[in-house]
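Make one complex out of these two single chains by using the hints.
Here is what each chain is made of, one letter per residue.
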Amino acid sequence: MLTYIVIAAIKSLVLIHILLGAVAYTVWLERKVVGRMQNRWGPTRVGPFGLLQPIADGVKFILKEDLTPPHVYKPLFILAPLLSVVLALTSIAVIPLGGQLPLGRWSTGLQVTAAPNGTSDINIALLILLGVTSIAVYGIALAGWSSNNKYSLLGSLRASAQMISYELSLGLSLVGVLLLAGSLSLRDIVTAQGRPYEFKHFLWLPHWFPHWYIFPQLIGFFIYLVSAYAETNRIPFDLPEAETELVAGYHTEYSAMKFAMFFMAEYANMFTVACVATLLFFGGWSGPIPGFLPPLAKALMPLFWFALKVLVFIFVYIWVRGTLPRFRYDQLMAFGWKFLLPLAIANLVITSLIVAVLS
Amino acid sequence: MLHLILFFIFAAVCIAGAVNLLAQSHPINSALSLIVVMGSLAVLYLLLGAEFVAAIQIIIYAGAVMVLFIFVIMLLNAGVEEHSGKSYIAWFVGIPSLAALAGLVVYSLLLHEEQTGNTSVSSISNVGSVQAIAHLLFGKFLLPFEVTSVLILIAIMGAVVLAKRGES
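Going down the list, the protein sequences come from chains V and X.
Under this note's numbering, the residue at position 259 of the first sequence is numbered 386, and the numbers go up by one with no gaps.
Under this note's numbering, the residue at position 83 of the second sequence is numbered 202, and the numbers go up by one with no gaps.
It cannot be assumed that every hint is accurate.
[Said to hold, decoys possible] Not everything, but these chain V residues come out facing chain X in the computed CB check (under 7 angstroms):
no.	residue
1	V133
2	I251
3	V264
4	A268
5	I291
[Unchecked claim] Residues from chain V that face chain X, not an exhaustive set, calculated with beta carbons under 7 angstroms:
no.	residue
6	L142
7	L254
8	G258
9	S261
10	I262
11	W272
FYI, nobody ran anything at the bench for these hints, they're computed from the structure.
Glycine included, C-beta positions come from ideal geometry on N, C-alpha and C.
Isolated chain X (complex conformation) (with noise of 0.2 angstroms):
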């Protein structure tokens, strides 16, 4: 019961942050509200037993790499954006095309309510602990685990690479 009042309200903040990020016309408060998402997302994992992930949502995604968004808007010290109103794209292919995703949703979850309606917190609360979080990222995914680390590792070399470039 108590899952479920915590997820309703969660699931409100979370959309309710995402549709502030999108209203607001200043790039910080848009970047606070995307932290208002994450964190609540972040809670949302935790509702369904996945701790490991929902902390580490928090530290990575709160806590790094949004911490980096801001910082980049106060080096530049980005300005208040104006609305156009005028994008045809957004209101001939934009809204159709969001109405259309959502009934698609709305369609599948229904047409499978048995199976997800029926999914309990506590039957799936051990896939999300540190232990057999760790036990598929080193045995069974290891080598995506492994490959995705080198691409990371590539992608920090080049980012040192350009910012050298310019120095000299």
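Only chain V is shown next, with the shape it has when bound in the complex (with noise of 0.2 angstroms):
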């Protein structure tokens, strides 16, 4: 019990540590990326094709006077980016990365709360996850409320009221993955997705065709890609920080390391979203693994095929902000209340009629 626990610890530490480095590193990407799409350089100046920027940025931040305007409650100011960060970083806990990783004689299972035995993860760990964004909410609420500042309230209300409001969509887009795979385990849907389709005598399919559930499920998974958008406050569903309407929204009176806190939330929440796109749409770590490569290599390679199809997302993500306008009010509440929830009601509705005609 003692070792597990342990063992725990130290790959939460090595987790959280990759997963600040990735954040870092997104900033910079997304600051490159959107920069091309607007023919322009983005950073440059630090290090080679601006790649210390990152660290620069990171100095900034902590060096930077942390204000606490007079005006705020204290408690809850210093509170609520603390509560948006940890939460941010919980959620990665229940993601498995990938199979087990041998490290001499004895191996261990890619994930956090992976079973001592290492084949095996908690069964509700989808759940944890929805738990963990609808907690998520509070950090913002209470950011924009403690502020005492008018535009920090507007941008709270709204990213409360539009955050549980496509929580419906994005919860019910997931269970046509969870009625296929029959399992709420993160691995066993990956295990689930090595398997061929039911329905597999009714079409042709190669044999190196790979068995995802993006196929069966595309509606499911542009109800996810749009409702997760609109869970981690991201272009075009970003009302709470509309910056031509809120001057910065819910995080108008932060400064420095707080400040940072939000921002580091909302890019580990990317990757959250990132990892169960990943893992329940596109098989996870699953991926040809090449006959030559020396052992420890190919122990390697799922993670590799799983930090991939992530960084696919991530792309994604900046490109849909260097591409899309944002929407208007009205138009995010009609579009997640009048279109994503009945089309993903329908989604549902389909989906286990033909699981149950099936089986």
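Structural data, given as structure tokens:
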């Protein structure tokens, strides 16, 4: 029991550092890619290709004066960014990054919450993810309220309404995959995507064709992607921080590290969304492993495939940011309640009918 | 052993949150204490092996219901409430009945100690799994489950009607 806790703690420590490093370089990637899309260079001054820019940004955030305006409600003003970043980092704990990682004589599951034998994990991982997502709204809501500023308050009211509206279609969009896989455990869902489809007799597929759930659940994937963008408050759903209307929305009054915490939370949430999309719709860490590689490289190949798929999603995030304008608020609400939610319910009904007929 | 330690920690957090809920004078602090109570209850369910109920407790109560509470408090901009401390009902009815209730609970627990004390986590851990709950909900309790969903639908429609009536 004690060894298990120690191993889980070491894994969390490593994972948090990798995640925060990835977050820093996602900011760099975003600035570079959006820069190229708008025919600019992006950061170039610090290091080759501006590669040291995230470090410079980090130093700046740490050294800046941490202002606390006099009119804020202090306990919640400090609690809100902490809550945001802690919840954003919590959800990575249940995400499996690969099968087993052999380290000399013994091996360990590539997941913080993997069972000691490494082949199974907690069977409510997806529910935990949804739970953490639903709690994450408090960070933003409390930040806006405790700032005692009308722009902040408007931003956080928008955020709360938006996040509880899109949470419904987010949850419903995943149920289709759960019906196909028959499990709530993320590991089981990835394993299930290694099996051929139930309806393989009805259409001809080459044997190398990946049996990912994106193909039977294309509508579910579309709904998931849209509602996940809304949940992470990214363009085109970044109304809580719409800078043309609300200064900076809920984080108007925050500076230095407290602001950086909101920033880190947003990007860490993007990673969680990308990981879940990879696991549920794109076969997780599965991918071809060339036979000529040395054993260690072979063992690391699943991690490579997982990271590559996640990176593709991060790129799509940035791509969408560089392409789409922001919704108007009534459009956002109408889209969520009158289009996405009925579509998600229809997808659920059709999927369950097909599953019931085929089984 | 670990279960027992975690139980005492989160039971203490739960009670502390509940007391804080009453002691705080600002509605938003009270609402946040209620979230702490919900969260620690979820951990207690998890310790009992009811993992699905624990996750739903977080998603529904801490994530959806309490967000609406906070939302309303933020919208109304509810201020600090003053404790009057003058309620005679609280002194002469509330506290004695609280003591009586606590005594009753302790008495009944002690009376059936050999039954309640020996229930181990492992023997009931299958009750709370997703499959077990689904079998109960869609098998034995199908009718109450469906009737409840109709009830919720009626409540939603009632809310829509009330909201639309004010508009016209």
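These are the hints, each one checked on the structure:
{"no.": "1", "hint": "V133", "result": "violated, 14 angstroms"}
{"no.": "2", "hint": "I251", "result": "holds, 5 angstroms"}
{"no.": "3", "hint": "V264", "result": "holds, 6 angstroms"}
{"no.": "4", "hint": "A268", "result": "holds, 6 angstroms"}
{"no.": "5", "hint": "I291", "result": "holds, 6 angstroms"}
{"no.": "6", "hint": "L142", "result": "violated, 22 angstroms"}
{"no.": "7", "hint": "L254", "result": "holds, 4 angstroms"}
{"no.": "8", "hint": "G258", "result": "holds, 4 angstroms"}
{"no.": "9", "hint": "S261", "result": "holds, 3 angstroms"}
{"no.": "10", "hint": "I262", "result": "holds, 5 angstroms"}
{"no.": "11", "hint": "W272", "result": "holds, 5 angstroms"}
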